[in-house]
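Please build the complex by placing chain B on the supplied structure of chain A, with the hints as guidance.
In order, the protein sequences belong to chains A and B.
Letter by letter, the first sequence follows residues -19 to 433 of our numbering.
Letter by letter, the second sequence follows residues -19 to 433 of our numbering.
Simulated from the structure, these hints should not be mistaken for laboratory data.
Keep in mind that a hint or two might mislead.
In this list, chains with the same sequence are indistinguishable; a pair is considered to hold if it fits within one copy or across any two.
[As the list claims (entries may be wrong)] Computed list of lysine-lysine pairs in BS3-like fashion (alpha-carbon distance at most 30 Å, straight line):
(1) Lys347 / Lys385
(2) Lys(-9) / Lys77
(3) Lys170 / Lys383
(4) Lys331 / Lys227
(5) Lys(-15) / Lys227
(6) Lys109 / Lys347
(7) Lys331 / Lys424
(8) Lys424 / Lys264
(9) Lys227 / Lys(-9)
(10) Lys77 / Lys(-15)
(11) Lys77 / Lys104
(12) Lys170 / Lys21
(13) Lys424 / Lys379
(14) Lys260 / Lys77
(15) Lys432 / Lys21
(16) Lys425 / Lys(-9)
(17) Lys383 / Lys425
There are 2 protein chains.
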Amino acid sequence: MNQVKVLLEEKEMPRQWYNILADLPTPMTPPLHPGTGQPIKPEDMAAILPMNLVEQEMSPHRWIDIPVEVLEKLILWRPSPLMRAVNLEKILDAPVKIFYKNEGVSPAGSHKPNTAVPQAYYNKIFGVKRLSTETGAGQWGSALSMACQMFGIQCRVFMVRVSYEQKPYRRLMMQTWGAECIASPSERTKTGRKVLAEHPDSPGSLGIAISEAIEDIMGDSEARYSLGSVLNHVLLHQTIIGLEAQKQMAMLGLYPDVVIGCAGGGSNFAGLALPFVRDKIHGKNIDIIAAEPTSCPTITRGPFAYDFGDLAMTTPLLAMHTLGHDFVPAPIHAGGLRYHGMAPIVSHLVKEGIVGGRAYNQLETFKSGVQWARCEGFIPAPETNHAIAAVMEAAMQAKEEGKEKVILFNWSGHGLVDLASYDAYLSGRLIDYTMPDEEIDRAKKTVGQYPKP
Amino acid sequence: MNQVKVLLEEKEMPRQWYNILADLPTPMTPPLHPGTGQPIKPEDMAAILPMNLVEQEMSPHRWIDIPVEVLEKLILWRPSPLMRAVNLEKILDAPVKIFYKNEGVSPAGSHKPNTAVPQAYYNKIFGVKRLSTETGAGQWGSALSMACQMFGIQCRVFMVRVSYEQKPYRRLMMQTWGAECIASPSERTKTGRKVLAEHPDSPGSLGIAISEAIEDIMGDSEARYSLGSVLNHVLLHQTIIGLEAQKQMAMLGLYPDVVIGCAGGGSNFAGLALPFVRDKIHGKNIDIIAAEPTSCPTITRGPFAYDFGDLAMTTPLLAMHTLGHDFVPAPIHAGGLRYHGMAPIVSHLVKEGIVGGRAYNQLETFKSGVQWARCEGFIPAPETNHAIAAVMEAAMQAKEEGKEKVILFNWSGHGLVDLASYDAYLSGRLIDYTMPDEEIDRAKKTVGQYPKP
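With the rest of the complex left out, here is chain A (with noise of 0.2 Å):
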């Protein structure tokens, strides 16, 4: 019987984050106040963000750690177990093995509560009492509105209208959590109602929801702003994922020669790629893959420039692979995908050819997944499954080049509160979306009235 689970004793979990920033052998384009167009300093950040975690964001500390605060709640489900995805690899027929973080334990069901719980537990203390937030498919929002109902400070979440409509379980995970959930574009905010004055039926974007989220906080000084991806300390809270995989993979005597992880504004694909890039930074020999849909082709056709993280322009102006903040994707499934940007460590590490990316259409993800499924039981999130369909292509190319290869990739989420994508899949009623050229020279000229990076 072959093994199939790697675990970790609650006592082998990382105390401490890995910060890239200490390692990065060429330095980050910094963030740009949009005014002055000189990098922002931490007191500019401050409206939004708790000061703690402003440090964090700009920290020079390769290691930093984590509060036992933060352990207590993160090994309710921590260390999640490192699975070989051995039915998988008998029907692919192909000289890999395959391995996966499966971040589906958490209560959510995805990793976004690594760094919900932190950032809940550092706003309680910095004394925020109301914290606001975006979310794209409900997977940020959900886990957020855990970890403040477990820190007792109070949570509103705009969601984006198309998954808010697809995905009414996770407004219920909200809910039961004690948040307040609201669809994006909304009637709250003058962003929100500039939107729908233009376009009534409008299915929303993280960009829009990402500035009614701020605009919300505007003027309260007990309420923050929070955000779920992009932002170099929520990488950082990611990066306990990748550290136990390297502790797990050790346990076998294996090393990865490809990671992969989805990518929408990148924090699971960093949260599991980091610790690894850090490795291939001192010579190890990997590949780095970052699944994104062909929708939202931020990393392999969007320009690295300096944009806006959202639609009204509110945050700084940072350096990364965009599609133009004033993008609306189509309106596919894996909602987390969505975004018109990429985190600027993510973007940063693909300029630099140290991380490369994939498209792939709808259709081929959740051809992907389902079959995933029927051999391995769990049903994977639809932005997971941009993952596995990664993890089959490299699958098929050792095949032909004839290498054995060990596959390392992060199951983000379980689909759970997503079967309503798998019903319109499976009856048919699902489409590809590709983004037309146009967009793409839109997209430049969007960005090229800013700084070149």
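Same frame as chain A, but now just chain B:
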């Protein structure tokens, strides 16, 4: 930092199931052939179950080997973690330690795959090509769908209509795993058509759905029926839960004073409890409590009598606590607890005073479940909320008595596919149902026509 999880490695997983029949202080009352009034023989069951499972159903052996092909699937999520509810302990402020087996970690989100996998396996090696079954809340139907897919046999599920409508995601899970799901009562069977003719709006019941599933396989020599609870071999497969729990408690140097599970047909309760029942028979002092709904109070108010397992009277006469095979329970959201009968093994243990029962109203169970979710993170299934209500009552009792107690319960499944019920609760649309005394009188009249056990 308190330890909250006790993990077992795959190699520590039990290799045998435990058969309580070998240790009962008094013999079970045998099932009767309804035609002859004589104890049924193996060949009487051969039309609906494969003979290898019939043998298991009647086996006198204390330990029964788990086939390696079954273990290879179970290790996808087993051994399940034993967890300590430290956050709830703090809130309850009672002198108790609360432990639970988290059976929500399976791909189907409940304990049901523990028997679905061996049932699909034994049918497969017996040459069966298609299984037909019933399901209440859908936890069983989804589990069997997954298991059949893993072993390459077809699966058809008759799902109690009220749950089919309340829980569309369960149907979608079954379809994702390749099964066919039909609302019961249906037009597919004589039984279904008869019920619909008399009650076109019938919410259905497990008793009706069982009849439909059995009727569905009659005359198809390559098809068999599969039951997700009640029968001896089903409870046998679930004992892996309790066997693991005993190892895990021993690792902590602890032993439970109170063992709790919710009970519909009795399988998750028995799965945890039976290995502890063995200890109780041998002198251990343990309270063993089955938690059930006041709307379907089989153990606490139903007579112990011979009755049929299904509406159409196609099963053998089983000696059990029953509310009458024609009883249609109120449409509570804990669909898995809407069964008129109770596993003969559990009923026997109740009759012998080894196991006790407690009944809870729907609103109390959801109040308990929301409190759980808000401190422990994981959102429980509505069925599981009954066990949590019993845990809270046991904790309060320990507080009143001023006694330190270790409470162990079966967290039988998560509620992520049952969130509509939380929505109903949180928005004040949920009501309580208590079974009226007249219904108990009616039940007694129904079973009065059969032999006395």
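Evaluation of the provided hints:
no.	hint	result
1	Lys347 / Lys385	within (23 Å within a copy, 50 Å between copies)
2	Lys(-9) / Lys77	both (28 Å within a copy, 20 Å between copies)
3	Lys170 / Lys383	neither (56 Å within a copy, 59 Å between copies)
4	Lys331 / Lys227	within (29 Å within a copy, 52 Å between copies)
5	Lys(-15) / Lys227	both (13 Å within a copy, 19 Å between copies)
6	Lys109 / Lys347	between (44 Å within a copy, 25 Å between copies)
7	Lys331 / Lys424	within (17 Å within a copy, 77 Å between copies)
8	Lys424 / Lys264	neither (35 Å within a copy, 74 Å between copies)
9	Lys227 / Lys(-9)	both (13 Å within a copy, 19 Å between copies)
10	Lys77 / Lys(-15)	both (13 Å within a copy, 29 Å between copies)
11	Lys77 / Lys104	between (43 Å within a copy, 28 Å between copies)
12	Lys170 / Lys21	within (27 Å within a copy, 75 Å between copies)
13	Lys424 / Lys379	neither (38 Å within a copy, 67 Å between copies)
14	Lys260 / Lys77	within (20 Å within a copy, 46 Å between copies)
15	Lys432 / Lys21	within (19 Å within a copy, 83 Å between copies)
16	Lys425 / Lys(-9)	neither (52 Å within a copy, 59 Å between copies)
17	Lys383 / Lys425	neither (43 Å within a copy, 73 Å between copies)
Violated hints, in rising order: 3, 8, 13, 16 and 17; the structure is consistent with all others.
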